[in-house]
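Colleague: Sequence:
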Amino acid sequence: MDPKGKVAIVTGGGTGLGKTISLKLAAAGASLAINYSRSEKEANETVAEIKQAGGNAVAVKADVSSSSDVKRMVDEVVRAFGGVDILVNNAGATVFVRMEDLEGMKEEDWDRIMAVNVRGPFLCAKTVAPIMKQRGSGKVINITSLSGLRVGGSSMAYCVSKAAEEMLTKCLAIAMAPEVQVNSVAPGLIITRWGLQWGEEMIKRITEGSLLKRVATLDEVAEAAMYFVRNDAVTAQTAVVDAGSAGGRR
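Residues 1 to 250 (the numbering used here) make up the sequence shown, in order.
Mixed in with the good hints, there may be bad ones.
List time: in silico DSBU-like cross-link candidates among lysine-lysine, alpha-carbon distance up to 35 angstroms [claimed, not checked]: (1) Lys41 - Lys133; (2) Lys106 - Lys126; (3) Lys170 - Lys126; (4) Lys133 - Lys170.
These are calculated hints, taken from the structure and not from any lab test.
What you are looking at is a predicted structure, and each value in this text was computed from that prediction instead of being measured.
Please model the entire structure based on the sequences and the hints provided.
Modeller: Listed below in structure tokens is the structure:
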């Protein structure tokens, strides 16, 4: 799919990786709906940046774990741009609780992480599916995590939610075929406001343990998402972008 002239929704599109993907899609000629839940200022700044560069974008508030919010968001995007061709499920939630601290993993945090990281991508994909199928094509890219492929990450709930999102990717690929391709990008550590919470010592350990002795950049991870947008022969697949962390020695 050539992104030029297409319409894309990027959930959590105003900050971090979501912003980087949004800017790349806009630069390729897509009209952008920048979704946010709490980061209104950042979403509006991203919209302004896209417009200043000659692109087309709107900011749309929605809690992706709410079916009514998601429906309202998609309806608003269709009214603004006429349809939806690309969905990037980037919005996420986590807490930092050591895997060994079972008591510290609070039930309310577990429920919120599952709601945003699993139900959110499901609701968004389910809502755009009939629009994409009617248009004859579509792309769904789920931003998962290396934590969904092996035990690790910020918390047990996050790890399990990303594993579930990996399976959701494969299930959606079946449900939305043949018109729509569904894939996932699984980053390792990237330096965002979340990544920085690991602290200098852990970031150094991860970097030294990777095969490439570094972490992937936001731009490199976003390029994996763009690959899935452009390639029409790939579905139900995961691109791991981790600078070799998964293959490095621990």
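Colleague: If a hint holds in the structure, say so; if it does not, say that too.
Modeller: Hint check results:
no.	hint	in the structure
1	Lys41 - Lys133	holds, 33 angstroms
2	Lys106 - Lys126	holds, 29 angstroms
3	Lys170 - Lys126	holds, 14 angstroms
4	Lys133 - Lys170	holds, 18 angstroms
No hint from the list above goes unmet by this structure.
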